[in-house]
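Novice: Numbering (full-length UniProt numbering), first residue to last: 1 to 121.
Mixed in with the good hints there might be a few duds.
Claimed, not checked - Across the chosen pairs, the derived CB separations fall in these ranges:
1. R84 to E1: 35 to 41 Å
2. P81 to L120: 34 to 40 Å
3. G83 to D105: 36 to 42 Å
4. P51 to L86: 25 to 31 Å
In short, the hints are calculated from the structure, not lab data.
Ideal Cβ placement from N, Cα and C applies to all residues, glycine included.
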Amino acid sequence: EQVNPLQPMLNALSQGDSLILFPEGTRNLAEPMCMQSVTFAAELSTTPLLPFKAGLFHLLQQHPQVECVPVWITNVNRVMPKGRSLPLPLLCTVNFGEPILYDGDEDKAAFLARAQLALLD
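Based on the sequences and whatever the hints tell you, model everything.
Specialist: Right, here's the structure in full:
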């Protein structure tokens, strides 16, 4: 029997917990770019976002009442370099966007495109 890798997150949402997701699935290490709640995050820069993974869509498809709050984090690659377990004492800026909801009629591609646009607004 295959285990759904999203199940722990689905369970958390069912219990009313919030999640922090990086929907690109990894850090965008191009010069400083890349979060509900599901909160989804991205670092800002002039580099385009990496494609979003489908997990965000599948979580919200099963929990459409959950608000997604786009969060922009600037300077995170310097504050928390990939592979480090403790942050460096540097400044970063966190900006919160307007929450979005899954409307139930959107297909995966349309929702993920809208989520990406919410990060860039």
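Novice: Each hint: holds or not?
Specialist: Going down the list of hints, with the structure as the test:
1. R84 to E1: 35 to 41 Å: Holds: the Cβ-Cβ distance is about 36 Å, inside 35 to 41 Å.
2. P81 to L120: 34 to 40 Å: With Cβ atoms ~24 Å apart, the hint is violated.
3. G83 to D105: 36 to 42 Å: Since G83 and D105 have Cβ atoms about 41 Å apart, the given range 36 to 42 Å holds.
4. P51 to L86: 25 to 31 Å: holds, 30 Å
Violated hints amount to a single one, hint 2; each of the other numbered hints is respected by the structure.
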